[in-house]
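Two independent chains are provided; combine them into the complex using the hints.
Taken in sequence, the protein lines are chains A and B. The first sequence begins at 87 in the working numbering and counts up one residue at a time. The second sequence begins at 112 in the working numbering and counts up one residue at a time.
Be aware that one or more of the hints could be misleading.
[Claimed, not checked] With the Cβ distance kept under 8 Å, some of the chain A side facing chain B (calculated, not the full set):
id : residue
1  : Gly-128
2  : Phe-155
3  : Gly-185
4  : Gln-189
5  : Gly-194
FYI, nobody ran anything at the bench for these hints, they're computed from the structure. Beta carbons are placed, not taken as given, at the ideal position from N, Cα and C, and that holds for glycine.
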Amino acid sequence: KAGVTQTPRYLIKTRGQQVTLSCSPISGHRSVSWYQQTPGQGLQFLFEYFSETQRNKGNFPGRFSGRQFSNSRSEMNVSTLELGDSALYLCASSPGVTGEETQYFGPGTRLLVL
Amino acid sequence: AQSVTQLGSHVSVSEGALVLLRCNYSSSVPPYLFWYVQYPNQGLQLLLKYTTGATLVKGINGFEAEFKKSETSFHLTKPSAHMSDAAEYFCAVSLNTGNQFYFGTGTSLTVIP
Numbered sequence: 087k088a089g090v091t092q093t094p095r096y097l098i099k100t101r102g103q104q105v106t107l108s109c110s111p112i113s114g115h116r117s118v119s120w121y122q123q124t125p126g127q128g129l130q131f132l133f134e135y136f137s138e139t140q141r142n143k144g145n146f147p148g149r150f151s152g153r154q155f156s157n158s159r160s161e162m163n164v165s166t167l168e169l170g171d172s173a174l175y176l177c178a179s180s181p182g183v184t185g186e187e188t189q190y191f192g193p194g195t196r197l198l199v200l
Numbered sequence: 112a113q114s115v116t117q118l119g120s121h122v123s124v125s126e127g128a129l130v131l132l133r134c135n136y137s138s139s140v141p142p143y144l145f146w147y148v149q150y151p152n153q154g155l156q157l158l159l160k161y162t163t164g165a166t167l168v169k170g171i172n173g174f175e176a177e178f179k180k181s182e183t184s185f186h187l188t189k190p191s192a193h194m195s196d197a198a199e200y201f202c203a204v205s206l207n208t209g210n211q212f213y214f215g216t217g218t219s220l221t222v223i224p
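Just chain B, with the same shape it has in the complex (with noise of 0.2 Å):
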């Protein structure tokens, strides 16, 4: 059975500080990690997506993540939080089977002016 982990339902950062929020997955074969955003009364955004190759991806509004199969690892970064980062954040897994993905409980970023 596959299931994704998402260490901290909350987290509190200052404006400027490094964002780390943490993922991990369990999963008997290799999958897909995606990273989704969500703003407040929306549906859920791409924010990156590692299938195969280089294990640091980048995405969309500075953020990043890297795969680190040993560890069973995504964990999403932001050098420099920005109050607009503030909103809830869930990591997936897909496998190559079946488009069925599993969504991690969510983390919810507050960003402190």
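For reference, chain A alone in the conformation it holds in the complex (with noise of 0.2 Å):
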């Protein structure tokens, strides 16, 4: 099975704009979950979709926003960009039946704020 793909790999922005990043499961996994990744952070969780509804939240401002679609690819909206938005974020995939699932990571999509 093909792993879970993110596009694009590497983005810059300015302060004030905004992004859109997407992020591909493994196919039949209808479970996909972001996480931003920061040095001084960790990893945060933003929120996870499954079968195109939002099912839980993580504690981020409303400009972060996301979506899910029917064949379960997700994207992440980032409205107003600010600077502390530089991150590597992080999407997952998982059946989504159960918390024993293993979440599948993608590769990140890197962002550089400036």
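Following this line, the structure appears as structure tokens:
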């Protein structure tokens, strides 16, 4: 099976702009989770989508949003970018049925906000 | 609330020495426990996980971890470190409700030749 793919791999934006990141899960997986990774804060959970519905949400401002399509692909959007949004954004997929399932991670999108 | 504590943000070992990375968790219910490894500029890769059954879990690349409920710990070990083990290691817990992972802050492992 193909792994989790994320596009683009690298992005450079300026403050105030918005950005959309894409994640394609492993075939058959219905859950997609998004994480922000920074040196200072580590891995922080953004949100999880399952069958096109947001099922869990972390503690991030409303500038961070997401959606999931019927084919389970997911997008994450960040509006009005701030310098502090510079990070590695990781998505992970799993079947989404129970908590014991492994989450499979993509390679990440590295976002730099100038 | 769930939390994961990884003691030691940086660990250095000599090649061939024992690797011990510590993970403690707090959870109101028995969690599922995971160890992931991250190499530079890559995503996270599963090393091993504990769900139910045998408390000593063996994973890839010679790593293993033991779930100790009384100590709320899930420490990761490897008998003999290899240069290729140098990476960032993350402990995570998941509950049976929902699909949210709670990650520790990570431990950076350096292997000295």
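Verification of the hints:
| no. | hint | verdict |
| --- | --- | --- |
| 1 | Gly-128 | 4 Å, holds |
| 2 | Phe-155 | 18 Å, violated |
| 3 | Gly-185 | 4 Å, holds |
| 4 | Gln-189 | 6 Å, holds |
| 5 | Gly-194 | 5 Å, holds |
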